[in-house]
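Trainee: Each chain, written out:
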Amino acid sequence: MSNPSQTTATAPTAPQEHEPRIVAFQCKWCTSAGSDLAGVSRIQYPANAVPIQVMCSGMVSPMYVLSAFNKGADGVLVSGCHPGDCHYMKGNFFARRKLYLVQKLLQFIGLESDRFRMSWISAAEGTKYAQVISDFVRDMKALGPQRKLKAKR
Amino acid sequence: MTKKRTGVFVCHCGNNIAATVDVKRLAEEMTDEETVVYSQDYVYMCSDPGQNSVIQAIKDNQLDSVVVSCCSPNLHEKTFRDNAERAGISGFTCEIANIREQCAWVHKNREEATEKAIKISRSAIRRVAHNKALDPIAVPVTRRVMVIGGGIAGIQAALDVANAGLEVILVEKLATIGGHMLQLSETFPTLDCSQCILSPKMVEVSRHPNIKLMTYSEVQDVSGSVGNFRVKVLQKPTYVDPEACKLCDDCVQVCPVVVPNEHDLGLTARRAIHIPFAQAIPASYTLDVDACLGLNPIRCGKCKDVCEAGAINYDMQPRTVFEEVGAIIVATGFDLYGQENLGEYGAGKVEDVLDGLQFERLCSASGATKGHVLRPSDHKVPKEVVFIQCVGSRDPAQHCAYCSKICCMYTAKHARLYKHHVPDGRAYVFYIDIRSGGKGYEEFVQRTMEDDETIYLRGRVSKLHRTRDGKVRVLGTDTLTGQNVEIDADMVVLALAMQPSKGTEQAAKVLKIGRDKDGFLAEAHPKLKPVESVTAGIYLAGAAQGPKDIPETVSQASAAACKVLALLSQDTLSHAPTVAKVRESHCTGCEMCVDACPYQAIRLLNGKAVVNEVLCEGCGTCAGTCVRAAIDVKNVTQLQIHAMISAIMGG
Ligand SMILES: Cc1cc2nc3c(=O)[nH]c(=O)nc-3n(C[C@H](O)[C@H](O)[C@H](O)COP(=O)(O)OP(=O)(O)OC[C@H]3O[C@@H](n4cnc5c(N)ncnc54)[C@H](O)[C@@H]3O)c2cc1C
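In the order they appear, the protein sequences are chains A and B.
When the first sequence is numbered by my numbering, its final residue is 153 and no position is left out of the sequence of numbers.
When the second sequence is numbered by my numbering, its final residue is 804 and no position is left out of the sequence of numbers.
Worth flagging that the hints you see were computed from the coordinates, not collected in a lab.
Treat the numbers as computed from the prediction; the structure is a model and nothing was measured.
Every residue gets a Cβ at the ideal spot worked out from N, C-alpha and C, and that includes glycine.
Careful, some of the hints might be misleading.
Claimed, not checked - Far from chain A, some chain B residues (derived; all Cβ distances over 12 Å):
no., residue
1, Cys224
2, Ser225
3, Leu228
4, Gln255
5, Glu265
6, Arg275
7, Arg280
8, Val292
9, Leu400
10, Asn449
11, Ala518
12, His532
13, Arg588
14, Cys750
15, Thr778
16, His795
As the list claims (entries may be wrong) - Okay, derived cross-link-like pairs now, DSS-like style, lysine-lysine, Cα gap no bigger than 25 Å in a straight line:
no., chain 1, residue 1, chain 2, residue 2
17, B, Lys399, B, Lys558
18, B, Lys399, B, Lys389
19, A, Lys90, A, Lys141
20, B, Lys624, B, Lys536
21, B, Lys624, A, Lys90
22, B, Lys261, A, Lys128
23, B, Lys261, A, Lys141
24, B, Lys734, A, Lys98
Said to hold, decoys possible - Listed below are several chain A residues computed to face chain B (Cβ distance under 7 Å; list not exhaustive):
no., residue
25, Gln44
26, Pro51
27, Gly58
28, Pro83
29, Gly84
30, Phe93
31, Phe94
32, Leu101
33, Leu105
34, Gln107
35, Phe108
36, Gly110
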């Protein structure tokens, strides 16, 4: 993990820094609960990611990821329970398998692979949630706006 | 579809939200959403006046759906859904926008936080625009209970449930119920005889009209869900008909095969045909087929010949039984950590080094030595005995990381029992700390030290070995004096760690319930749901859930019974209606969803997927897998998620 102070150090020199827009699909039982814990613990992180709570990461259709990019998202996160800890026993295994392919597909069509991320965050990992979002926002700032899949209107 | 009439209610949460999010602006901006016909903000939406104002607004504006922008749905989703029902609309048309935990509390910049809160709220509005008014699914309940494991935990739970009038099936792996408590001599902190308090309960189980006892049986498969489980049980043949058996013991007298007796942990021997011990329940013999010469009159057949009652039947077959139950209590107990893992203590190969349960059998009147403490190698009275605590416990580097909790107490008990049997003997206890929390427990340990003059040495034993003159040399350190200690003992007793039984591992696998990092059964919440497993309808009791003594085991068993009774006192259970639904016109019958479903809730009927709504838990793994978007979870449909993405991206 690189130094987070990097962004703050470079901020003044970039006058209109790109504010990335990130969509975070997070499962109800682990990651959403983990982000609630981040809140209860008042751990601060950037406001660029907007959460969409789903029942299980296994529910996230590849179409959602593509749709978010199509509508202009700079980054998409799918986060669920740790493998083996799925509230629905094996939903996140399906998510992992399927979304790995989505990642490969995105790479294939030329999208920076960093723009799509998966993570496993438990209900006890508020700190990790804040870290995952902070890192994502920092990296998307560095990458600049996503144009590859954004619909031209 | 007629246009929705949604009301938006923005909560200040005192200053919790309002300090960071511009709640007035949020409430105002929501009115430009197409479906929103009403919007307001209020200081505490969850308070009585807050909730009443929601009801009033629903009635005054003929709202059919509600979005509350407030704290996490984990806190007040139920509050606001119930409130919506009170106003006469379906609770399922109320959604929460979490703008506290996931927004106001984690951001400082007011502008940014307000923007994000707007997006979160808009996405909830777009979602609720497609929510259906759903009714909970009523599931009938089977008012029968299965208890797995017939130790004191299982016995207590079975009796409590049966006494409340429900039918219980008690499944025990061994040929008798009783568990480890049967092997104990006397029990701390009162030193009352274990069998004297346990046997009456065992007899009560065998005579109870509501208890169906299945010993020598194992659960092999479970399907269904809370309220309606279907359990497959395999009953192994004992080759003896308990109804016909007269307990005359003639068969044992003629059986030529001698094997170690597991009830006495190998300190005594038994025959291939045997009764686990005199007061076994059911009171009958078991022919141990692994030891028997072959269930064959030509090879042996002596027991069958001698049995006048004709109770022995070599042709008895295993029986598979299916039982329908509404709830399951798992009480599969513990095993001791294996001595073979302890190289430093002779790996179980040094004579006169016993484990705690073996020592119990030495002290027990029904045990190997009829209650005389004699060491196994030469049957002499041991004059110096060393007890070692924390063997295999509290040792994350090599053995179990956790504290086994009961060993301080049973070691103190062992030292006392030893001194009562051998008043001129000397008892040493090596310990790390003394943990004696519990009613009368600390006093018990003090009496062991003072009245019974046991010598407590603080420190670990590094090694032990057999000497030429038939002693066991114990090498340790007394960390209080800083000196090395060397004791030539006649006998050593190891307080081995308690670990989840092998049967617990097996049961957890079959029931698909979680285990913790140490392999004990995992409770649904460490504080607030200590007797529930994560799977609804499956409860936990006893040492299978964690190391515990008898009082704690019994409390947990009664607690589990109480939870089961509360569950099964309902005529029907309500199941969340947010389940998967198939759009037949789009389904090609490819079966991807059938394979993906963790609950086997989807099957193919006439070439189309069909969902069993009772089994479906609404996880949506099917929906995420379907390439034709032909299956969706109600109120979290793909259409809704796309609408939410649009809302967030400003579309
Ligand atoms: C040396 C020693 C001394 C002790 N002394 C005391 C004392 O003085 N006072 C005190 O309060 N406590 C004492 N204890 C603790 C006490 O033994 C336990 O608290 C108690 O036995 C736990 O009961 P249980 O029913 O949970 O487990 P168990 O007694 O282990 O019973 C579990 C039962 O489940 C059965 N089973 C396992 N797997 C399956 C399966 N898959 N299917 C069907 N059946 C299965 C087993 O065969 C067994 O009958 C002592 C423990 C030890 C080791």
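Trainee: All the hints need checking, so say for each whether the structure fits it.
Mentor: Hint check:
1. Cys224: Contrary to the label, B:Cys224 does not stay out of reach of chain A, its closest Cβ about 9 Å off (not over 12 Å).
2. Ser225: 5 Å, violated
3. Leu228: 9 Å, violated
4. Gln255: The assertion about B:Gln255 is violated, with a minimum of 5 Å to chain A.
5. Glu265: 4 Å, violated
6. Arg275: 10 Å, violated
7. Arg280: 9 Å, violated
8. Val292: Holds: least Cβ distance 18 Å, greater than 12 Å.
9. Leu400: 47 Å, holds
10. Asn449: 46 Å, holds
11. Ala518: Non-interface label stands for B:Ala518: nearest chain A Cβ at 48 Å, farther than 12 Å.
12. His532: 52 Å, holds
13. Arg588: Per Cβ check, B:Arg588 is outside 12 Å of chain A; nearest 26 Å; holds.
14. Cys750: Its Cβ does come within 12 Å of chain A, the nearest being 9 Å, so this is violated.
15. Thr778: Not fine: 6 Å to the nearest Cβ puts B:Thr778 too close to chain A.
16. His795: Violated, since 6 Å does not exceed 12 Å.
17. B:Lys399 x B:Lys558: It is violated: about 42 Å lies between the C-alpha atoms, which goes past 25 Å.
18. B:Lys399 x B:Lys389: 21 Å, holds
19. A:Lys90 x A:Lys141: Distance of about 34 Å is beyond 25 Å: violated.
20. B:Lys624 x B:Lys536: 11 Å, holds
21. B:Lys624 x A:Lys90: 56 Å, violated
22. B:Lys261 x A:Lys128: The given pair, whose Cα atoms are some 19 Å apart, holds under the 25 Å limit.
23. B:Lys261 x A:Lys141: 19 Å, holds
24. B:Lys734 x A:Lys98: Holds, because 22 Å separates the two Cα atoms, which is no more than 25 Å.
25. Gln44: 6 Å, holds
26. Pro51: 6 Å, holds
27. Gly58: 4 Å, holds
28. Pro83: This hint is violated: A:Pro83 lies away from chain B, its Cβ roughly 14 Å from the closest one there, beyond 7 Å.
29. Gly84: With Cβ-Cβ at 9 Å, over 7 Å, it is violated.
30. Phe93: 9 Å, violated
31. Phe94: 5 Å, holds
32. Leu101: 12 Å, violated
33. Leu105: Not OK, violated: A:Leu105 not within 7 Å of chain B, min 14 Å.
34. Gln107: Where the cut-off is 7 Å and the nearest Cβ of chain B is about 21 Å from A:Gln107, the hint is violated.
35. Phe108: With a closest approach of 18 Å, the A:Phe108 hint is violated.
36. Gly110: 21 Å, violated
This entry does not satisfy hints 1, 2, 3, 4, 5, 6, 7, 14, 15, 16, 17, 19, 21, 28, 29, 30, 32, 33, 34, 35, 36, going by the numbered hints stated previously.
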